[in-house]
Amino acid sequence: MQVNATRASKLKLFGDVSGRLVVNASGVSDVSIYGRIKGEKKIENRTGLAKVSYYDQRKPSGVKGQGS
1 MQVNATRASK LKLFGDVSGR LVVNASGVSD VSIYGRIKGE KKIENRTGLA
51 KVSYYDQRKP SGVKGQGS
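Quick note on the working numbering: the sequence shown kicks off at 1 and runs consecutively.
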């Protein structure tokens, strides 16, 4: 899976990825990934990137609803 995000303040990805995850994060300051990634994780173009967080769940705490 390829994700391109440019000039955004925050990027949040939700869901499971069974293959490779590549994030083009040019100009993004905060990347959060919620879910299971079974393949390779790669963050490209880290210019201006301050924080990358990985969570092994689908929804962050405080979000109402059913998770898996």
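Bear in mind the hints are in silico, worked out from the structure with no lab data behind them. Among the hints, erroneous ones may be present.
[Unchecked claim] DSS-like mimics (lysine-lysine), calculated; alpha carbons at most 25 Å apart, straight line:
#, residue 1, residue 2
1, Lys42, Lys12
2, Lys41, Lys12
3, Lys38, Lys51
4, Lys10, Lys38
5, Lys51, Lys12
For the pair we were handed, Lys38 and Lys51, check the Cα-Cα distance against 25 Å.
Between Lys38 and Lys51 the Cα gap is close to 21 Å, so the pair holds against 25 Å.
Are the Cα positions of Lys10 and Lys38 separated by 25 Å at most?
Status holds; Cα separation ~23 Å.
Are the Cα atoms of Lys51 and Lys12 separated by 25 Å or less?
holds, 12 Å
Checking one constraint from the list: CA of Lys42 to CA of Lys12, max 25 Å. Satisfied?
With Cα atoms ~15 Å apart, Lys42 and Lys12 stay inside 25 Å; holds.
Against the 25 Å threshold, does the CA-CA distance of Lys41 and Lys12 hold or violate the hint?
holds, 15 Å
Checked against the numbered hints above, the structure breaks none of them.
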